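Engineer: Residue numbers (my numbering), protein chains in the order written: chain R, 4 to 289; chain Y, 44 to 652; chain L, 16 to 463.
In case anyone wonders, no lab produced these hints; they're calculated from the structure.
Treat the hints loosely; a few may be bogus.
Pair ranges (Cβ atoms, derived) [what the hints assert, rightly or not]:
#1 209/Y - 80/R: 38 to 46 angstroms
#2 79/R - 455/Y: 37 to 45 angstroms
#3 68/R - 443/L: 37 to 45 angstroms
#4 168/Y - 135/L: 30 to 38 angstroms
#5 470/Y - 79/R: 42 to 50 angstroms
#6 516/Y - 7/R: 53 to 61 angstroms
#7 145/R - 281/L: 17 to 25 angstroms
#8 112/Y - 453/L: 37 to 45 angstroms
#9 51/R - 171/Y: 38 to 46 angstroms
#10 259/R - 379/L: 29 to 37 angstroms
#11 475/Y - 132/R: 54 to 62 angstroms
Output of the computed footprint for chain L on chain Y, the stretches with three or more beta carbons under 8 angstroms from beta carbons of chain L [as the list claims (entries may be wrong)]:
#12 51-62
#13 176-187
#14 416-428
#15 451-458
Please read all numbers here as calculations on a predicted model, not as lab measurements.
For each residue, glycine too, the CB sits at the ideal point set by N, CA and C.
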Amino acid sequence: MSSFGFGLMTAAVLAIATVGFTMQFAVTNVLNLAYGSIMINSAFVAYYANAHGVTAWASLPFGVATGAAASWALNRFVFTPFQRRNPAPITVVIVALGVDLIGTFGLQAIVGGSYVSYHQSQGHEYHIVGMFLSGLQLIILAICAVVLVTIHWLLRYTRLGKAMRATSANPNLARNSGVKTQFIISTTWLISGALCGLAGVVFAMNTGVFEATSAQLYIVLLLAAMFLGGPGEPYGAMFGALVIGLSTEISAAYVNPQYKEVIAFVALLGMLTFRPYGIFGSEKTL
Amino acid sequence: MSAYAFYFATILIYAAVDAMACLALNVEFGFAGISNFGFIIFQSAGAYAAAVLSMPRAATSNGGFQSYILGWSLPWPLPWIGAAVVGGLLALPFVFLVGKRLRGDFAAVGLLVSAVLLNVLVKDFVPFLNGAAGISIVPAPFQSIWNPQGVAYQFAYGGVAIVLTILVYFLLRRITESPYGRSLRAMRDNDIVADSLGKNLRLNRTSMLVLGGAVAGLSGAILVGFISLWAPGAWGYAETIVFFAAIIVGGAGNHKGAILGAILVPVGFEEATRYIPPLANPTLVPSLQWVAIGLLIVLFLWFRPDGILPERRRILSRKPTAPPLPPSDDPDALIQIGNLEGLDFGHLLRLGEPTNDHRVILSTQGLSKSFNGVTVVEDVSIEIRQGRVTGMIGPNGAGKSTTLAMLAGTLPSSAGRIFLEGEDITAMSSHKRAQAGLVRTFQLASEFKKLTVMENLVSAIPNQSGDSFWGSLRGRRHWGSEDKANIERAEEVLEGFGLTQYANAYAGGLSGGQRRLVEIMRSLLAEPKVLLLDEPMAGVHPNLAHKIGDQLTRLSEGGMTILMVEHELAIMDAFCDPVIVLAEGRVLAEGTMAELRQMPEVVEAYLVG
Amino acid sequence: MDRISTTWPGVTAASRMRRRVTLLIALLAIITATVGLPGTKALAAPKFHGSLTIAAVAPFTGADAVLGPKYQTACLAASQAINLSGGILGKQVNCKVVDTRGDPADAVPAVRQMYATTSNLALVIGCTSDEASTVVPVLDAHKTVSFCMTGESEFDAIHFPYFFRLVPPDAADSVAMVKIAKNKGYKNIALAFGNDAGSQTFVQPALNAIKANGMTVVSNQTLDINATTFNTEAQAIVASHPDAIMMEALGAAGVAILQEVYQLNNNKMIPVIGTSAMIDPVFFSGITTAIGTQNFIKSFDADNGTVNFSGPAYPLYKKLVLAQAGKVKGVPSFPGLLTANGTVHLYDGINLAALAMVMSHSTVGSKYRADILKIAKGGPGATVVSTFAAGVRALKAGKTIQYFGVGGKYQFDKFQTAYGLFEDDQFNADGTTFSAGSLGLCTLVSCK
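In isolation and in its complexed conformation, chain R is listed as follows:
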């Protein structure tokens, strides 16, 4: 049961991150491999706010704002100009990889190679039906729940959400039906970027210590969760994050923690091979 608790934590952070990641894919058809670098940059901005006397929770908005601004700028000034040239999708992915290097190692050049942590108490340790969760982790779980419900409300019940879904399903049709797709895409990048920043900060809080390169391999978990639920599917992303989070931690308890991420790798490769449109997705999304 304790590993269920650990899995829940991994899943909560991953869910926030994957929803943002998959929304970006949905509206712009880009696998944004620079996502992890924006996460960690956001975590560091929050860290510096924290180091200058702001409490860790109050520094969270700094991280969120960084994620939103950086993601929006990335789409506006890098991905969109490239996509206007109508290149093969892979070109944009390679560009994203290049941006990831610039983001991560640019940060490392500034902050150096050593690790840091927030000035923040982990809080009291709670034992809840066999799970071990700190006060901090309970708050992160609560944040995750609020965010996911908000995203659900946004997508289902607002005009903006409907326009986002329409743009994702068929941008040309959406544009012809009077949706301002360019505005919708920009807004989506702002919102998904905010999720990215939020994910970066709670990721760093949950791990306790972090450095410029901490999120480098996080992209593997992101991809696994996204492909499990279907690329571009926010609800699929939530489902995928839950499955990946739980399965990695539970397999860690029963197999060998060193190999815990192997299950995520295998899930991803399996999905790519047999159902690249996800368990729930349809093949037309490709």
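Guided by the hints, dock chains Y and L onto chain R, whose structure is given.
Structural biologist: Below, chains Y and L alone, put in the same frame as chain R:
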């Protein structure tokens, strides 16, 4: 003096290894269009293979402080050959990722993730390849009789490495400058279209992964023989990005570009930074190096996407005497130049004697397609008769293109069966259908952008003896004269369509109407029995459209069967008999246009739809 | 082809083995007392004919960049002492930096470049576990004497005639850790070592030593140093109720695992015995931020090589090391270097080699290497010397000598590895350390 010689020899060896690796990656990425984000694992597999093949058994070697598999103490060159074999074989598990169904960028992340996964496994499972510590004290070739640290040895080693790199260069060039290489580049530019012309994507890509893997493996063997150590830290997945940067800088699709990139990025760039003195922040220089690699990639892709040495344009045709006009949609110019009427397609396309018996050649039974529960095509049963030009019309969203895609195999059907000449081809893959004579065109622009017009045309011709991996290896002597004949045929077609001047121009640079013509010419040169045309006249001037229609009629009289999806009813009136009407995914009616005009439901479907 | 070395997981040097990263015992009180370098300026500059180069081949950039400056400092300090005494055979000694970036593949061209650009190379120091595997064969083939700071076990198995090391192999470190556990009466031990090569090398010797001392391993966790959380590993350790955790995990992983252990153990610390590499200021600040200074320092011990503060070599060594302040980049605290393994032992190594050159009247490796062994061993009637100057005087007087350096006397085994004294170190609240007791001379089997 000799100290400089050592340094020079070292750089020589690294340059050869990097150049070889970049050549291998370039043939995968620059020619075949496979974004192998896991490239480093192939080099690594070769290095490990060479190490464990040349080392003695783990238990007995060097006091047994490391553990690894094999340990066969093989003499040179067997470990190097083994490295190439292992590097090549490692490609086989990835055959599942490089088929038609998976987008290129998805396959790329699959390979990337595989590279990360393998690194983790090798690092943590110590008995396999000694885990994170890696394998050290790998013997250099002939070290028992020749001191590997001597100058002569080092230069000999560098010499062998360079000779092998040159051999690899010629081998790869032999493959890429053949009809097979043309097919690879066609596949790179538009894989679905290449598939519809009968190119076997999975086989071609796997072949290139195996070939690239073998070359990468050999480069790993050369490296490990020199540095005597191989460990997981030396092959982090990010090393692949350095090679990609090298190719993007040097020029993808150009072997010399790959070599130049190798010399500039992994060798030159890295060696130059060795002379930067240590700064206060010890991670600063290495961090900025990665930033620079990232910037190189992004800036080159923006400002010079073709690299320093762009892919060479292949001049196949000697016909064009004047430089190509700027892309033009001026129909009059085209028609005056073109001599479509004079073309003897029957001869050019090897149609043989006309044997029009109007038997059913292509038919479907209950063909259906649904996407995620939404039915797009439902229970379509049609019969296409040999030697006829059958039309297919219907309002937007009626399922015309989907039906055509299912016939050609571009989309798998959800239910129902398809027969070609009585044979059930429902389960047959699309490239096999194309090889069987069922060829389609596409509604959207589908030219191979970075192939010339002539290459676009010739690439479609089936059964070329140089259009296979082994055929290409046999060299120009094997396929040269045949290729020349093919080019001449294509030149005649081109002349008929009035585009001779554009023979050596990149297809991607043509106007929309011209590209449409290229596609029609290309589909004809694929020598189809049944030609499936998806709105072929869209964007073509009506006068020219009628000329093309006349030719299609003549082709059908000559024995070709044509199914044409078209919006333009005038085209249907003039050339198609019978015409099938689809509405909401079902067959609404079938008959001549005159008959259809009498049917109220057809008129209503069109007016309402 | 890993010409770029960084802290990127999966890209870092093949072997992130920062051996003997003993940074820091900052005896601030002592430095404040020791200011300036009286005497050195007063000496007349001796006349030299010719020069020699000692190269520090080590990581100066990348993940292990803290190592290089320690060796460079040792080189500058020792060469200053030698030059003040007239140099080696009348030649002035210079120091040179060769950056391997902590990467075995990168190190090969770096060393080749060194040979290409250094005509008067007399000695190489450094060669950490990061690059020793690829560098030592090259050095040995050039008959260049090297003093290496590697604990790698392959050098216990293969004889490289020109390779010397003044630090014990990693296995001896493990034996010393077990000795600490034994002294404290622990019975049940949990192991938590990083999955990098440098940390993994401790595991098997530790398992053997624990068994030999009648203790029990209750949990053995391998930590993926690129992972960000270690919930499962921490949970397994806590659930096994160990008396102590033996560990080495570098980077953020070391802090993360201990923080999670602390948290899952209801905010109580389990005693930790670390390797000497865990005596690291960055680790100290990370872990004390995470779980509180007092919680940490009262439950942490680490084995470390002993420095002979009271020996005759120490005063000059201290003066010279502190004199390098400002001349070497990347050193956070020069007083901290006084007890750093690399600085201590390489300072001794350079003195040993320099005396051997004087004794053999040659700066060529093949001529003087045998005399290193002789000077280390001494023998009956040998004059014990603690400085280069004293050694030269004794040699000129026709005596046989034995070198007794900052790290004491050096006894080489047949693979030319010297074993040394170990001690049990603990942290003070300010991040400096103190010795909580000697562990004796630790070998691959036991401590005496």
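Engineer: So which hints don't hold here, by number, going up?
Structural biologist: 4, 10, 14 and 15
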